[in-house]
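In my numbering, each residue carries its 1-based index in the sequence shown increased by 13.
Do not take every clue at face value.
Computed cross-link-like contacts, DSS-like style, restricted to lysine-lysine with a CA-CA straight-line distance of at most 25 Å [claimed, not checked]:
1) LYS212 - LYS85
2) LYS184 - LYS212
3) LYS190 - LYS213
4) LYS85 - LYS213
5) LYS150 - LYS114
6) LYS212 - LYS114
7) LYS184 - LYS213
8) LYS190 - LYS150
9) LYS85 - LYS150
10) LYS190 - LYS212
Hints are computed from structural coordinates only; laboratory data are not their basis.
Note that this is a predicted model, so its numbers are computed, not measured.
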Amino acid sequence: MRVLLVEDSVDVAQAIQAHLERLGHTVDWESNGTEALTMVVADHYDLIVLDVMLPGTDGYTLLERIRAGHLKTQVLMLTACAEIDERVRALDLGADDYLIKPFDFRELEARIRVLMRRMGGDSTNVLSCANLTLDRKSRTVRIDNQPVELTRREVTLLEIIISRPGRIFGKDELIDKLFTLDDNPNANLVEQYIARLRKKLPSARFEIRTLRGLGYRVVLL
Numbered sequence: 014m015r016v017l018l019v020e021d022s023v024d025v026a027q028a029i030q031a032h033l034e035r036l037g038h039t040v041d042w043e044s045n046g047t048e049a050l051t052m053v054v055a056d057h058y059d060l061i062v063l064d065v066m067l068p069g070t071d072g073y074t075l076l077e078r079i080r081a082g083h084l085k086t087q088v089l090m091l092t093a094c095a096e097i098d099e100r101v102r103a104l105d106l107g108a109d110d111y112l113i114k115p116f117d118f119r120e121l122e123a124r125i126r127v128l129m130r131r132m133g134g135d136s137t138n139v140l141s142c143a144n145l146t147l148d149r150k151s152r153t154v155r156i157d158n159q160p161v162e163l164t165r166r167e168v169t170l171l172e173i174i175i176s177r178p179g180r181i182f183g184k185d186e187l188i189d190k191l192f193t194l195d196d197n198p199n200a201n202l203v204e205q206y207i208a209r210l211r212k213k214l215p216s217a218r219f220e221i222r223t224l225r226g227l228g229y230r231v232v233l234l
């Protein structure tokens, strides 16, 4: 999942970014609210983790502008304020969830998993495709209940493409979801990761097919 983290505290932001990246998410970080709005408009994000107190544009104003632009990106608000009025304000402006600082990273993970399930219309953390299962919580993959060793980014790519079997995922879309703005990725890198997945999943009862000029699609066998 591609995440935009908007947080002006360097220590907090670096800790959140490192933690989410270890879980397989692609994270861009911005500390200024005004700059973050430009990034939201220019790029597609699955989730925005948004602090309230920010230089430039505060979190509430940023959230209001995001929703005014009819962007349906999931937004998880972060704030040190525990007042109920502040939480109600955030939810009424369009926040999907609200987390009070300081927080336990386990709770942050759990809330993000809930938002991911909501996006995919799933009721559990386990994503299934034919004889393969992917546990979003443990970031583990099994085929016929046997573990499959994949890298963090390979798990993320697999999660994306098996979430919608039959849907075509273009290379540009996969680049957006897999890599940060600083990674300087290209289409060849996506091809390499697709090739690695095919090599590591020979017993999966689905194929990752290439549609020339369009992208990739998972087809059940």
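Hints versus structure:
1. Proposed proximity of LYS212 and LYS85 is contradicted: the alpha carbons are some 36 Å apart, above 25 Å.
2. For the hint linking LYS184 to LYS212, the alpha-carbon distance of about 19 Å falls within 25 Å, and the restraint holds.
3. Under the criterion of a C-alpha separation no larger than 25 Å, the hint pairing LYS190 with LYS213 is consistent with the structure, at around 21 Å.
4. A distance of roughly 35 Å separates the Cα atoms of LYS85 and LYS213; the hinted pair therefore is violated under the 25 Å criterion.
5. A hinted pair counts as satisfied when its Cα atoms are at most 25 Å apart, and LYS150 with LYS114 qualifies at roughly 22 Å.
6. Proximity of LYS212 to LYS114 is assessed by CA-CA distance (about 43 Å); at most 25 Å being required, the pair is judged violated.
7. For a cut-off of 25 Å, the pair hint linking LYS184 to LYS213 stands: about 20 Å separates their Cα positions.
8. At roughly 19 Å between alpha-carbon atoms, LYS190 and LYS150 fall within 25 Å of each other, so this suggested pair holds.
9. Taken as a hint, the LYS85 and LYS150 pair is honoured in the structure, with Cα atoms around 24 Å apart against an allowance of 25 Å.
10. At roughly 22 Å between alpha-carbon atoms, LYS190 and LYS212 fall within 25 Å of each other, so this suggested pair holds.
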